[in-house]
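Enquirer: Here the structure of chain H is known, so what remains is to put chain F in place on it, guided by the hints.
Residue numbers (my numbering), protein chains in the order written: chain H, 374 to 673; chain F, 374 to 673.
Certain hints may be false.
The calculated lysine to any residue pairs, modelled on SDA-like cross-linking and capped at a C-alpha distance of 25 Å, are [to be verified]:
id: 1; chain 1: H; residue 1: Lys632; chain 2: F; residue 2: Lys632
id: 2; chain 1: F; residue 1: Lys632; chain 2: F; residue 2: Ala581
id: 3; chain 1: F; residue 1: Lys632; chain 2: H; residue 2: Gly540
id: 4; chain 1: H; residue 1: Lys632; chain 2: F; residue 2: Leu549
Covered stretches of chain F (chain H as the covering partner; in silico rule of three or more C-beta atoms under 8 Å from a C-beta of chain H) [said to hold, decoys possible]:
id: 5; region: 518-532
id: 6; region: 546-552
In short, the hints are calculated from the structure, not lab data. The beta carbon of each residue, even a glycine, is placed where N, CA and C say it ideally should be.
Number of protein chains: 2
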Amino acid sequence: MDRLVAAIDIGGTSIKSALVAEDLHVVHTLRTPTRRVGGAVDVAQIVELIDELRGRAGEAPVVGVGVAAPGIIDERLGIARAAVNLGWRDLPLRDRLTEAAGIPVALGHDVRTGGLAEFTVGAATGVRNAMFMPIGTGIAAAVLVDGHRLDADGYAGEIGHIVVDPGGQVCGCGTLGCLETVASAAFIARNYSERSGKDVDRAADVAAAVVAGEPDAVAVWARAVDGLAAALTTAITLLAPEVIAIGGGLSESGDTLMKPLRAALEGRLAFQRVPRLVRARLGDNAGCIGAGILAWRAAA
Amino acid sequence: MDRLVAAIDIGGTSIKSALVAEDLHVVHTLRTPTRRVGGAVDVAQIVELIDELRGRAGEAPVVGVGVAAPGIIDERLGIARAAVNLGWRDLPLRDRLTEAAGIPVALGHDVRTGGLAEFTVGAATGVRNAMFMPIGTGIAAAVLVDGHRLDADGYAGEIGHIVVDPGGQVCGCGTLGCLETVASAAFIARNYSERSGKDVDRAADVAAAVVAGEPDAVAVWARAVDGLAAALTTAITLLAPEVIAIGGGLSESGDTLMKPLRAALEGRLAFQRVPRLVRARLGDNAGCIGAGILAWRAAA
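Next up, chain H with everything else stripped away, as it sits in the complex:
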């Protein structure tokens, strides 16, 4: 039987897990509600999921585990430094799981792991410098420079908290007017609701109203696009990606987002290397595929 690895993408409300073949084909996928003990995500659940996946692998040996998680994740040391959504602080998750599972385990940050997948088999392959920026409830980036994925002890890539609107709204991060306050899916819905008086809680509904030409939606969307272009211009000035792959829920609005964003970027770039701006390709699977890549590396 061909060997497999177990890939686990931990979110605050649900955990996606999969068996991943060596060609990065996803063999089997599970989705499980996240279980908590005293506010913190239960590590025992992850061990159970590894066992569950091993059971589903049948006779195929499961030779490694990759785990993706949100927060400040130190990939080199395998420690979840601060994962507020999961209730973890300085948790040596890699070592805990290695001991429990008895096979090599790698720990990665969810967005940087998704980026690894997009850089390897997704929308940003074949280049040494790239960015993957999912836009959902929050915004963060995975950055590849000179073929090296930036980690910085887990702190790299917090593009969602670059200030684009000085003196603007306060964000959970403690910064006024950071990118998330104008362009995260959550803030787009909130900003539109406040401006229009309509109670909307999905950015997709705002995108639909933009297509319909609704003026409040158009204004909120334009502000989001301008903020995204400002933050990306800054990242391009420092990091010069050749390709930027936009993912997350907001990217599902397709050209409603991508066309004005490309135009806004073109208007801002001067001397910089101009990147290709594309939609990410792996959608919701990016985290698991990336965790699978980490698992295969750990197993090697």
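Expert: Here is chain F on its own, set in the frame of chain H:
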């Protein structure tokens, strides 16, 4: 005799060159006016300098050459992509010099090479994540992430052209309100001259006026410090350096710059990892020492 390498730091008006020992001790230094042929810096002059240094080395063998130059310098391929100050475009300098000198040659960007020196024997040693930001006529940064110096085909680290004052003054880079327009030594002198009506062309004179409490100088300086803090906050949010070493002419103002800059940074940082902000240590020698390191690596 102990072996040596030749290190050459090319500027638009003068070239600094040196013999560098394996312990990175600078044995001998020359400064030569930059020679041009038809507007472009004459490559033959660099070959002559290598010969000159070899002569001065006496019986010590010169086993490699490191060259630092400004502009878009692709270190991996050894090509000066666009060095406006030197009149070079897509010049394969490394290969040209290797052929002429008959020993291994490495090409580096002046600021990133200076950063290599500061990260190795200067003010930012012993960490895997750091920045070196010289502030002179222009502003750029060398960035170390996970122990890897960012190059991005020569485009990385253009922090001087991050927008910090939207709608502000136009810069040579084509951007409105980038960091250089408020905080480069050249713009600080110009902004003060315009505001005060006094004709000043050195930022050091503005720094002296700040110490004397001159209100126009204080205002121009405060704007520079605020712009530097904004740009550094952005870089910290993306790259999380543990140490930031400030160099260049402006850093010679010492605490006049460093104290308010530390305070402004502290005021802006929220969730980010807080870096140590220090003055660079190697001054004008950083480029040559860094070029020496590159030369030793090429010779290895």
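Enquirer: All the hints need checking, so say for each whether the structure fits it.
Expert: Hint check results:
Proximity of Lys632/H to Lys632/F is assessed by CA-CA distance (about 45 Å); at most 25 Å being required, the pair is judged violated. The suggested pairing of Lys632/F with Ala581/F holds, with an alpha-carbon distance near 15 Å, which does not exceed 25 Å. The straight-line distance between the Cα atoms of Lys632/F and Gly540/H is roughly 24 Å, inside the 25 Å bound, and the hint therefore holds. For the hint pairing Lys632/H with Leu549/F, the CA-to-CA distance comes to about 24 Å; that is within 25 Å, so the pair holds.
Judged by the Cβ-Cβ criterion of 8 Å, the region 518-532 of chain F is covered by chain H as claimed, because 12 of its residues qualify and three suffice. Here the region 546-552 of chain F counts 3 residues with a CB under 8 Å from a CB of chain H, which clears the bar of 3, and the coverage holds.
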